[in-house]
Structure formats: structure tokens, C-alpha cells
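Letter by letter, the sequence shown follows residues 124 to 561 of our numbering.
There's no promise every hint is true.
Said to hold, decoys possible - The calculated SDA-like cross-link candidates involving lysine to any residue, where the alpha carbons are at most 20 angstroms apart (straight line), are: (1) 430 with 389; (2) 264 with 193; (3) 442 with 454; (4) 510 with 481; (5) 279 with 326; (6) 475 with 432; (7) 495 with 425; (8) 335 with 266; (9) 307 with 347; (10) 307 with 266; (11) 295 with 331; (12) 510 with 528; (13) 381 with 419; (14) 279 with 357; (15) 265 with 232; (16) 279 with 232.
I should point out that these hints are in silico values taken from the structure, not numbers from a laboratory.
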Amino acid sequence: MKKRKLTDNIPLKLMSIFVGILVWLIVVNIDNPTTRRSFVIHDVELMNQAYIDSMGLVSSMDEDQAPIRVYITGTRKTVSGITESDINAVADLQQAINLEAAIEQNTTTSLVMVPITVTCTGISPENIEVTPKNLSVNLQKKATQEFVINATTEGKPGRGYEIGTVTANPEKIRITGPFSLINKINQVNAVIDVDGATEDVTEDIDLSIIDKNGEPLTTTQMSYLTFERQVAVTARLWRVQTVTINAEYSGTPAQGYKVGSVEEIPSEISVAGSEDALEELSQAGNSIWITEDAIDISGKSDNMEIKVDISEYLPEGIKLTSDSSTDVFVRVNILPEGSIEYEILTSDIEVKNLSENLQVTFDTAAIDIRLKKDDESLDDPDEESIKASIDLEGREEGSYEVPVDITLPEGYELVDDVVAEINISEISDVSEVENSEE
124 MKKRKLTDNI PLKLMSIFVG ILVWLIVVNI DNPTTRRSFV IHDVELMNQA
174 YIDSMGLVSS MDEDQAPIRV YITGTRKTVS GITESDINAV ADLQQAINLE
224 AAIEQNTTTS LVMVPITVTC TGISPENIEV TPKNLSVNLQ KKATQEFVIN
274 ATTEGKPGRG YEIGTVTANP EKIRITGPFS LINKINQVNA VIDVDGATED
324 VTEDIDLSII DKNGEPLTTT QMSYLTFERQ VAVTARLWRV QTVTINAEYS
374 GTPAQGYKVG SVEEIPSEIS VAGSEDALEE LSQAGNSIWI TEDAIDISGK
424 SDNMEIKVDI SEYLPEGIKL TSDSSTDVFV RVNILPEGSI EYEILTSDIE
474 VKNLSENLQV TFDTAAIDIR LKKDDESLDD PDEESIKASI DLEGREEGSY
524 EVPVDITLPE GYELVDDVVA EINISEISDV SEVENSEE
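Model the full assembly from the supplied sequences, consistent with the hints where possible.
As C-alpha cells, then:
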């Protein structure tokens, strides 16, 4: 009886089981449906590069390569958890299409297509699609070239110190890579930071490569090159010292003339040097001498001034500080025989006939005058016995070069006319300024 009940309505029971399974599948797919997701891959690994290298070639990605897109199909829960790092894309250079034909062309650069293979953890290959299916790869002749390393500094050393020398070890480096990329290299730099340093600095520095357009190579371009990425750079610091400048001259002035004085402008400069070089400089009185061959006064009857590049006269191991100019002016004052040169402060010059509403300023702190004795037996005059004045009658606001009237003791006369450069301006009324502000 019971056995009969079990076998009753078998078709209906099978139908119920089928409907139950169908409902379960529908529920599962509604809760976790199949979906398709796309990823853009930025890094495709080139495999078996040694195979290309054995032919004297190197490979690099084509700059015009279309974006690599990977489509992954799977359940929503599975696909939603995938990131780009879970996807591995490779291109086997041994599988390159038309590789032999490209090599036979024997051109500097050949373009080949390499199939892309993509894998993803937890995803079967048939659920992975990649487009384009091939990677564009440039094959180029391999080139090797040596470059001198340009070692420089950044930052400013501590007070009282200057950069003496900067050296890289090794001084040059050999770089291997695609011919076209090697040909673009203009400079290999190593920059060491010396900011605030008061002693020598040595560090391992990453090299940077600059192309012929003055731009650094990109990370991708750098990846195609083979070379030691770091070098040891040493920056040696030199102590700063103030030194005086002295000048010699050669030759003899014209007949009846003599050298009154020699001036160096500036008379002092700052230099930096190694300790040994600074010690030698100290023993020489901390002086830099401009040699006589730079200044020839032969036959001169008037003052002469010459510009000298002082760096040419620095001892070995000594250099100018970074804020010092290389230009030094040497002025040789040439006077008639028996003449004397005096300096008069412009503050001692009497100003005559200036309107009450005007004021005057001088462009220089002092002026030079030259005197000549009527009799060589006369003593040199006292500076207090020499009087100077300017007459500004009729002068209005503006800049002028005016004659200076010099009154001398008896027995002396001026060698040259004397002039002064002045500025005349109106005196400001304080009350007027206050009223204008109100």
C-alpha cells in the first residue's frame, strides 16, 4: 500500500523537482548575476627579451600603441572584486608576427606585432577577452655609448663656505639601449644637496638623463636603458676669505708726466679655497696681484682705466665666491710732473645763489682736483687752504653738470677744469604734505 503511494504521480513529482531547480537557478542569478567588466591595462610585460637581444636588437613599446582593454566575464561577486593588479598581461617576443621579415629589412627600427596573453586569478581563460589582441613593439638595433656624468649641487652651503669641487665616481657611465633613444641623450646629471653644509658631503645619487630638447627622459624611456642607476658624488666645501687686490703696471708715461696713483675697484673681493691654498695665500699677505703685463701706460698723458678679469690671476686652488664679479677696474691716475692730486668732499663745497625754495644734492661724495706748483720748492698746500664753490644762479629743478670754482693758495694753479654732477629739487613743505594726506 505504502509502496504504491511512492510510485503514484511520478511525472508530477519529477515536474516539481525540475521547477524547484529552475526557481533556485533564477534566485541565484538574480542575487549574483553574470556580468562583464572592462579594464585598461597600462603595463604589458615583454617576455623572452633575451631572444631579441641575441640578435643585437632591443625592444620597446610603440608610442602610438592603442590602449589595451581587457574584458572579464563572471559572476558579479567575482568580477567586482577584481583589480588591475590581479590581471597579468604578457607578450612573448618569440611569438612575434613576421619577426624574421622585420629583421631581414635591416632598418634602424622595425615594427612587429606580438600576441597578448592575459590571465586573471579565479577567471578561466575563455572568460577573458583582450583588444587589440596584439601589442605593437619596436625592434631597434642595440647601441652602447659612454657619457660623462655632470655632477652639480643644489642648495647653499653654510655661512662662510662655498662649493669648491664636485666630482662623481665613476666620472663617466656606459648606457645601453635602443639606438634612437641613445641618440637622444644629451646629458647625464647627478645632483647632490649641500644646503646648510659646513663640511664635505658624499652621497649615492640617482642619475637623471636629459634629452637634446632639455627634457628629462620619461619613466618608460628610462626602463629601456641599461646602466648603473646611482653614482657616488662628493662635494668639497672651501672656506671663504677676503683678500685685497693690487695692480702693477708697465711702461713710462709721456715726457713731463708721472703716475700719481693706482686704484683698484673694488679693492677687496671674497674668494674661497682649499685649506692648503688659503694658507699659501695668507703667507702672501692675502693679496691678489694683477701683473704688469695687463696694464701698459707707455706714452700716456692722461688717466687710463682698464677692465681686468680677476679670475685669471687667482692662484691654484682659489676661486671667486658665487656672489663676486670677475670684473675689476684698474685706474692709473697720470699727472703732469710737479702736480698734486687732492680729494675734496662735496659736503665742503660752498653752494652760492641757490633759490630759497630749492635744495641741491651731489651725485658723488667727493671730487678730485689736480694742482701744479709754480715753484718746486713750495710745500704741498694744506687741504684747508683749498676752497671750492658752485654758482647756481638761475638754476631750476633738474640734474646738471656744473663747473666748480677752486680757490688755491698763491703759487699753485689747477691742472684741469673741475666739474660736479648735482640734482636740484624743490624743498617739500611739511604742512602741505599733512594737508594732502587729510
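Exercise. For this structure, which hints from the list above don't hold up?
Worked result: As far as the earlier hints go, 2, 3, 4, 6 and 16 are violated by this structure, in ascending order.
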